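2 protein chains.
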Amino acid sequence: MPTEIEKKVITAKNASIELASLGTELKNRALQAMAEALDRQRAEILEANAKDLRAAEELKATGKLSQALIDRLKLNNSKIEGMIAGIKDVINLEDPVGETLSALELDSGLTLFQVRAPIGLIGVIFESRPDVVPQIMSLCLKSGNSTIFKGGSEAKESNRAIFKILTEAIEATEGLPKGAFQLMETREEVRDLLALDAYIDLLIPRGSNEFVKFIQENTKIPVLGHTSGICHIYVDEFAELETAWKVCFDAKVQYPAVCNAIETLLVDRKIAETFLPKMAEMYLKAGVELRCDEASYALLKEKGLSELSKAREEDWELEYNDLILAIKIVDSIKEAIKHINLHGSHHSDGIISKNAERKRSFIGLVDSSSVMVNASTRFADGYRYGKGAEVGISTNKIHSRGPTGMEGLLIYKYILMGKGHIVADYSGKAAKPFTHRKLELKFKDINGKL
Amino acid sequence: MPTEIEKKVITAKNASIELASLGTELKNRALQAMAEALDRQRAEILEANAKDLRAAEELKATGKLSQALIDRLKLNNSKIEGMIAGIKDVINLEDPVGETLSALELDSGLTLFQVRAPIGLIGVIFESRPDVVPQIMSLCLKSGNSTIFKGGSEAKESNRAIFKILTEAIEATEGLPKGAFQLMETREEVRDLLALDAYIDLLIPRGSNEFVKFIQENTKIPVLGHTSGICHIYVDEFAELETAWKVCFDAKVQYPAVCNAIETLLVDRKIAETFLPKMAEMYLKAGVELRCDEASYALLKEKGLSELSKAREEDWELEYNDLILAIKIVDSIKEAIKHINLHGSHHSDGIISKNAERKRSFIGLVDSSSVMVNASTRFADGYRYGKGAEVGISTNKIHSRGPTGMEGLLIYKYILMGKGHIVADYSGKAAKPFTHRKLELKFKDINGKL
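As given, the protein sequences belong to chains H and W, one line each in that order.
Numbering (our numbering) for the first sequence: 1 to 450.
Numbering (our numbering) for the second sequence: 451 to 900.
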């Protein structure tokens, strides 16, 4: 007997087949209906959200919930405007499904197309922000993927209201399959979900590092996500000082609570004396706690700076997500690269240098999904990278790496068009040769003339 | 204290950084050295192989090993020629590393490149065929990936000899890092290896379904492989009979022991009477055991055919890998598609039809990595698909799907080139807009002028 959650997952998986084959116009019509329904049913959403907020305030009173979480949970008209605008952005994104990635003539009359296709069924597990539902649902719909959602219990009422409004709008659109989008509400269901690797093709967890780590460690389903952002900037001997001060300040101070802010500053010994004292002053003035290695501590003390801490070995692998920065003086770019590859999280790391050879080494040898040259690590983000909408940031080494947009929800399918071709003719002593000739042909162009 | 196997893995991982940044010419020089060393040291390889064969013959005498396995294990001059030719093919493959996948101007002077990069450290676990070592080692070297190998114990001496010859050739090439390729020899090491997800980025198991399944179920490392090939052909009402007979025969009989041979033939009721009797005769003549559903059994009996079995429910999900075929008569293409998506392994499935609408439905709604139209499923293979060399066939829905060549060993890296750009300028009320202008620029072209 399938459980309730299995039933939901199987329903969504079955609907994914039909969803995968829908045309662009139909999908955009459903997206338009989603945007209009949100606009029309604001009162319902705000009412549900008020219930969540009341419960949250009670928990806050008992110390079980923070104000920051309440702020993320709280919806208002402007946040609903944001959701609607987000869906409209997705309408304007190009439809990637059916795009021909390659076409190859294997032999006369035998043509192989590689065509972009949806992955199938995506599981999205997120913490308190209810804005995730419209954002991910619109991206999944446009890319032809079924989705099963699980939100945080604090946002239960809001998620349920938004989910209901959106799925009703989709299912009322003629030609759209039923049941492609599903919502789970209990924590027990998550455990069940993690075991359903037979149906779910990809999991996208959105939340704290611990949360993502928990998901990764408890499922066989591939996970698109990242557990930590330990980012660095290395200030090379040949750095332009003004650039170094400006970029290093931005990378730590502009928004320290996020994964692409730096946690460690590496400074070449040859530039430390001219660069570091002013840099440290800028940081201290902005309220940054500095945790220095022996050499930088001694240098800054000598220059008359106080309020410094000493870094311990574990500081090189801490993600502060706060106004705290570890500082280390290194003897060479080689030492810097080694430090980054060993202690970092392969997320986003930068170099400040005017020297071509140094830039080339850093780009080539730093094993991170984003490598920045004379620019802030804070740029590593789906919106800034021009992806239209961000599915997540991945520190995986396969499928998708770094800031991931809709392309992370896609795979491909091979289509072989023949005229009675058989392998026997291409085997053995009298085997016909393959031509393997690249074609400019698009599958879309022949699809009408099958 | 790291174990022996951890030490090997860490050595290979460290070497992967340098390997990733090598130029094409250098890599080709190492490949050339590999080919020459194999050619020069044939005697050593054959001597080691003779030891394996002697041990295998002893095991065979006690019934613990099959003749088929001994055939796969046995090397001779012609198989060594094949290894050498394989390496030379890889020399001729284009170097994908460093290829620019996209270039985007974020703002004046701030350019984002997405550049192809190696994955890092690949683990290859294979059963008895020693030819896997040169094949995978050359592909991994060309794509800039470190590799750790574990072969079957029956081929221990052969693998060790080949591995030693190849790594010595690589490490004697000036500019190549030491330790990028490692060999494991004991079964205990495999267990240890499967736990090293902190270092190994991708596992490629090559062997029986049970073997691949075991790997998949016992590791958190992503696995590129497939556990089963339950492939179908659906003969539509509008099939051309000659095409149907020829292709369905080829798809089962040409080489039944492989994953892309069909296991079930689905026949539209409207064409069954004209198509099926002759088809069944062809199969029976070739020694194929036919396991028929009620309707096809009755039809074929009526036409005077004997030697038929009745299919049981479990036959729809069996991979025979042998001269056995399940046959089912279906009422519609819809039923055929549903059967394939439900019982198949999403590997390779075909339709025989002249009708455009039917072809379109089948292509759109069959969720398999290869969909064949009027062509044999047996074409689904890296060599036939023009990939030069096959890493494996994947039934995953992420990263790579279907026959996978060197592209399965690659990911990408983002390189952001700035001139002191900071995120603060693009945030808040006076935020500068991004230009997000697509560029035709290649990173290779600017790499010389950094």
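What the hints contain is simulated information worked out from the structure, not anything from laboratory work.
Each hint should be verified, as a subset may be incorrect.
Pairs of lysine-lysine residues, derived as BS3-like cross-links and limited to a Cα-Cα distance of at most 27 Å, are as follows [what the hints assert, rightly or not]:
| id | chain 1 | residue 1 | chain 2 | residue 2 |
| --- | --- | --- | --- | --- |
| 1 | W | Lys879 | W | Lys899 |
| 2 | H | Lys213 | H | Lys246 |
| 3 | H | Lys334 | W | Lys663 |
| 4 | H | Lys7 | W | Lys663 |
| 5 | W | Lys847 | H | Lys442 |
| 6 | W | Lys837 | H | Lys438 |
| 7 | H | Lys354 | W | Lys847 |
| 8 | H | Lys246 | W | Lys720 |
| 9 | W | Lys888 | H | Lys88 |
| 10 | H | Lys7 | W | Lys524 |
| 11 | W | Lys753 | W | Lys735 |
| 12 | H | Lys449 | W | Lys804 |
| 13 | H | Lys354 | W | Lys529 |
| 14 | W | Lys457 | W | Lys670 |
| 15 | H | Lys88 | W | Lys882 |
| 16 | H | Lys387 | W | Lys804 |
| 17 | H | Lys88 | H | Lys7 |
| 18 | W | Lys784 | H | Lys334 |
| 19 | W | Lys720 | H | Lys419 |
| 20 | H | Lys387 | W | Lys879 |
| 21 | W | Lys753 | H | Lys354 |
| 22 | W | Lys892 | H | Lys419 |
| 23 | W | Lys804 | H | Lys354 |
| 24 | H | Lys79 | W | Lys882 |
| 25 | H | Lys338 | W | Lys869 |
| 26 | W | Lys663 | H | Lys246 |
| 27 | H | Lys419 | H | Lys444 |
In this text, all values refer to a predicted model and were calculated from it rather than measured experimentally.
Status of the hints after comparison with the structure:
Distance check on the hinted pair: Lys879/W and Lys899/W sit about 36 Å apart at the alpha-carbon level, beyond 27 Å; violated. For the given pair, Lys213/H sits about 34 Å from Lys246/H by alpha-carbon distance, which is inconsistent with the 27 Å threshold. Taking the CA atoms of Lys334/H and Lys663/W, the gap is about 42 Å. The hint is violated against a cut of 27 Å. Note on Lys7/H and Lys663/W: the hinted pairing holds, with a Cα-Cα distance of about 25 Å set against a maximum of 27 Å.
Between Lys847/W and Lys442/H the CA atoms are separated by roughly 23 Å; this keeps the pair inside 27 Å, and the hint holds. For the suggested pair Lys837/W and Lys438/H, the alpha carbons sit about 12 Å apart, so the restraint of at most 27 Å is met. For the given pair, Lys354/H sits about 43 Å from Lys847/W by alpha-carbon distance, which is inconsistent with the 27 Å threshold. Restraint check: the Cα-Cα separation between Lys246/H and Lys720/W comes to about 75 Å, which exceeds 27 Å; the hinted pair is violated.
Proximity of Lys888/W to Lys88/H is assessed by CA-CA distance (about 22 Å); at most 27 Å being required, the pair is judged to hold. Taken as a hint, the Lys7/H and Lys524/W pair is broken in the structure, with Cα atoms around 51 Å apart against an allowance of 27 Å. Proposed proximity of Lys753/W and Lys735/W is supported: the alpha carbons are some 16 Å apart, at most 27 Å. This hinted pair checks out: Lys449/H and Lys804/W have alpha carbons roughly 11 Å apart, not beyond 27 Å.
A distance of roughly 53 Å separates the Cα atoms of Lys354/H and Lys529/W; the hinted pair therefore is violated under the 27 Å criterion. With a CA separation close to 20 Å, the supplied pair Lys457/W and Lys670/W stays within the 27 Å bound. For a cut-off of 27 Å, the pair hint linking Lys88/H to Lys882/W stands: about 22 Å separates their Cα positions. With a C-alpha separation of about 41 Å, the suggested pair Lys387/H and Lys804/W falls outside the 27 Å cut-off, and the hint is violated.
Distance restraint check for Lys88/H and Lys7/H: the Cα-Cα separation of roughly 32 Å exceeds the 27 Å cut-off, and the hinted pair is therefore not satisfied. For the hint linking Lys784/W to Lys334/H, the alpha-carbon distance of about 61 Å lies beyond 27 Å, and the restraint is violated. The hinted pair formed by Lys720/W and Lys419/H meets the criterion: a straight-line CA distance of about 22 Å does not exceed 27 Å. Our distance criterion of 27 Å between C-alpha atoms is met by Lys387/H and Lys879/W, whose separation comes to about 22 Å.
Annotation: proposed proximity of Lys753/W to Lys354/H is violated, straight-line Cα distance about 84 Å (limit 27 Å). Taking the CA atoms of Lys892/W and Lys419/H, the gap is near 40 Å; set against the 27 Å cutoff, the hint is violated. At roughly 64 Å between alpha-carbon atoms, Lys804/W and Lys354/H are farther apart than 27 Å, so this suggested pair is violated. Restraint check: the Cα-Cα separation between Lys79/H and Lys882/W comes to about 22 Å, which is no more than 27 Å; the hinted pair holds.
Distance restraint check for Lys338/H and Lys869/W: the Cα-Cα separation of roughly 25 Å lies within the 27 Å cut-off, and the hinted pair is therefore satisfied. Distance hint between Lys663/W and Lys246/H is unfulfilled; the C-alpha atoms sit about 53 Å from each other, more than 27 Å. Distance restraint check for Lys419/H and Lys444/H: the Cα-Cα separation of roughly 19 Å lies within the 27 Å cut-off, and the hinted pair is therefore satisfied.
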